[in-house]
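So the sequence lines, in the order shown, correspond to chains A and B. If you read the first sequence in our numbering, its first letter stands for residue 136, the second for the next number, and so on. If you read the second sequence in our numbering, its first letter stands for residue 136, the second for the next number, and so on.
Each statement offered as a hint is correct.
No copy is singled out in the list; a pair is fine if it fits within one copy or between any two copies.
No farther apart than 25 Å at their CA atoms in a straight line, the calculated lysine to any residue pairs in the SDA-like style are these:
1. K364 to H377
2. K431 to Y346
3. K431 to V345
4. K385 to E275
5. K385 to C245
6. K431 to D376
7. K389 to S242
8. K364 to C245
9. K304 to R223
The hints are simulated quantities; they were obtained by calculation from the structure and are not laboratory data. Given the structure is predicted, the values throughout are model-derived calculations rather than measurements.
2 protein chains.
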Amino acid sequence: MGVSREGHWSLPGLRIINAEKSEFNEDQAACGKLCIRRCEFGPEEDQEWLTLCSEEFLTGHYWALFDGHGGPAAAILAANTLHSCLRRQLEAIGEGMVATQPPMHLSGRCVCPSDPQFVEEKGIRTEDLVIGALESAFQECDEVIGRELEAAGQVGGCTALVAVSLKGKLYVANAGDSRAILVRRDEVRPLSSEFTPESERQRIQQLAFVYPELLADEFTRLEFPRRLKGDDLGQKVLFRDHYMSGWSYKCVEKSDLKYPLIHGQGRQARLLGTLAVSRGLGDHQLRVLDTNIQLKPFLLSVPQVTVLDLNQLELQEEDVVVMATDGLWDVLSNEQVARLVRSFLPGNREDPHRFSELAQMLIHSTQGKDGSPTGEGQVSYDDVSVFVIPLYSQGQGSSGH
Amino acid sequence: MGVSREGHWSLPGLRIINAEKSEFNEDQAACGKLCIRRCEFGPEEDQEWLTLCSEEFLTGHYWALFDGHGGPAAAILAANTLHSCLRRQLEAIGEGMVATQPPMHLSGRCVCPSDPQFVEEKGIRTEDLVIGALESAFQECDEVIGRELEAAGQVGGCTALVAVSLKGKLYVANAGDSRAILVRRDEVRPLSSEFTPESERQRIQQLAFVYPELLADEFTRLEFPRRLKGDDLGQKVLFRDHYMSGWSYKCVEKSDLKYPLIHGQGRQARLLGTLAVSRGLGDHQLRVLDTNIQLKPFLLSVPQVTVLDLNQLELQEEDVVVMATDGLWDVLSNEQVARLVRSFLPGNREDPHRFSELAQMLIHSTQGKDGSPTGEGQVSYDDVSVFVIPLYSQGQGSSGH
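Kindly generate the complete structure, drawing on both the sequences and the hints.
So this is what it looks like as structure tokens:
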């Protein structure tokens with residue numbers, strides 16, 4: 136069955152209410168039960184033959200946020216597709232995933248007697264297979280989005296933040312600038328990091344160094360504190376190239392006056408003057424305005440995956456993971472969100488919908504609405520989507536906004 | 136003057152005794168006072184004109200370890216050259232380095248009134264200039280080594296670990312598998328990380344993906360738990376490619392049977408079956424045995440730089456930095472070295488040479504010699520070089536073995 140998807144989720148133990156969306160909201164969300172079927176191999180001499188029987192042998196939970204740009208098409212496709220890609224990837228390694236140690240050969244056949252030792256020495260654990268499956272699923276989904284958008288004559292891209300709970304572990308896979316954090320009574324821990332033109336500067340500059348034709352003589356690969364102008368010619372100014380973490384000075388030449396590959400700081404930083412994120416799905420057709428310069432070669436669809444071992448956490452009833460698109464994190468810090476979580480949950484212990492309401496409250500507190508308890512006065516003008524995932528009662532009270 | 140170099144250091148406040156070296160020792164060490172001269176600009180209309188007057192306006196200290204391979208030539212050149220490259224790089228940015236905030240223009244001329252604000256927004260600090268100078272110095276030194284070895288018909292390469300104390304900060308720059316750690320009464324903190332074919336797998340595989348010709352059809356880019364053989368053909372085995380942190384399964388094809396780009400685990404891991412490190416200086420001529428396949432394209436000479444703000448540490452008299460080549464770290468963990476430091480120093484407070492003797496003792500404890508207090512029984516068969524840098528009395532008791 137995999138993850139089914141509706142406006143309001145009615146899968147056992149799961150509820151989702153679509154976030155408050157303005158007319159132009161490009162955020163999309165998906166969540167549901169992830170059911171992985173057994174993938175049986177035929178006799179050894181016919182490795183290609185396999186049966187997908189209907190028996191579910193592993194179930195997990197799946198939450199995903201997609202923040203679209205250039206229209207909602209990619210985000211909608213991702214919300215409809217990524218969980219199927221993931222289920223397929225997990226089913227393809229099903230037998231390996233339930234073993235104590237992943238076998239060298241998926242068939243379980245031992246070609247070399249010391250194979251288990253080689254796998255042991257490499258430190259390959261079951262969770263590495265799930266990480267691999269998430270990485271492959273993101274890439275498969277990106278290819279699907281590319282094909283579908285092209286066929287439909289549509290454009291657009293989206294970020295993707297996915298949480299999967301499976302066999303006592305929570306996997307958080309992120310490609311873009313959404314964020315997930317763990318909030319406990321005494322701890323706030325980021326479970327993802329953001330991928331932006333700034334955070335991936337060296338990777339992006341390195342690519343332009345290797346393939347200068349990607350800049351079509353219109354952009355400069357180098358980073359300067361500001362865009363250079365004629366008056367700077369011949370002077371020694373601060374700069375950074377792909378191999379540098381620090382800064383140095385260089386004598387300004389004419390080619391340095393071109394528009395920079397990465398320009399602007401913080402929220403304003405843009406890749407090729409166009410995009411605020413450096414990882415995500417889609418954007419296969421995206422070009423710099425009025426040019427033929429493509430963005431896609433600089434974008435990665437592969438996520439970074441963090442693993443949280445729930446069994447090692449001694450979970451408390453009010454331990455949650457908060458997943459949200461950048462609209463939330465632009466106006467609230469991790470610590471501020473943690474304070475809101477800790478002040479809200481204890482007073483609402485009897486409310487069966489308290490996690491949904493917490494998500495709703497977090498969204499409200501970014502909108503400058505009445506009853507906003509932050510008092511920060513900051514207002515988000517971006518779309519905001521929030522999931523609050525209760526860890527203690529996995530599968531009983533998961534809810535989202 | 137820069138750093139002068141002799142067998143026994145006699146610069147004010149510094150002492151170095153050459154490490155115990157076997158006939159085949161390829162380790163080299165250098166340390167000394169780093170004297171940066173003022174670099175004066177001429178009138179604005181003649182930016183190219185500058186005077187190097189003899190006045191020293193900044194002094195620091197410099198410690199460096201070089202672990203050679205393929206002969207000692209590169210390590211010796213590095214020990215004789217790197218400090219001069221660094222001094223030159225620091226002198227070139229001298230005026231920028233003493234300013235509270237690095238100026239956008241090295242001349243100090245303000246082309247755009249909000250230049251300081253742009254620099255501020257980028258978060259560029261004085262220490263970023265020193266990091267940039269270290270990065271450039273390593274690269275310049277690598278070029279010098281390439282030229283000199285070629286001219287002399289010699290070969291070889293080396294790792295480089297450098298510590299520089301300047302204006303209240305300690306900079307640790309590392310390219311290779313040496314290591315520096317901070318040891319305090321209640322804290323052990325790594326100040327560097329190792330660069331090996333394993334730790335830089337994704338970067339190296341990525342390069343082979345972009346430039347497959349570098350492998351000359353002799354190697355496979357993919358990583359497997361062990362080298363594959365004919366029996367594995369057609370089976371699904373564990374593998375990793377450049378974009379993967381996790382593992383997945385692939386159906387083995389004939390090309391997967393080639394020798395792997397990165398092979399072996401831990402101490403045995405090799406790049407192209409040849410080299411155990413992925414960063415360092417030299418190796419311009421190094422080729423895979425009996426082939427024309429070059430190693431150099433996969434090696435980086437740029438170091439990773441860590442900054443320690445000494446003023447924020449509330450330094451105690453027995454706080455030290457231990458720098459050592461891999462020979463030490465192969466047999467002693469950071470914690471074990473910290474225990475040895477903490478048990479040795481308090482009992483030898485009156486000894487003016489106690490830091491030298493501690494370095495000596497650390498080396499002895501890897502050689503299975505009498506009096507080794509580790510009781511670990513592990514013996515290093517590699518060359519071992521150790522610096523113990525006392526942080527409290529910077530420049531008064533620095534010593535090394």
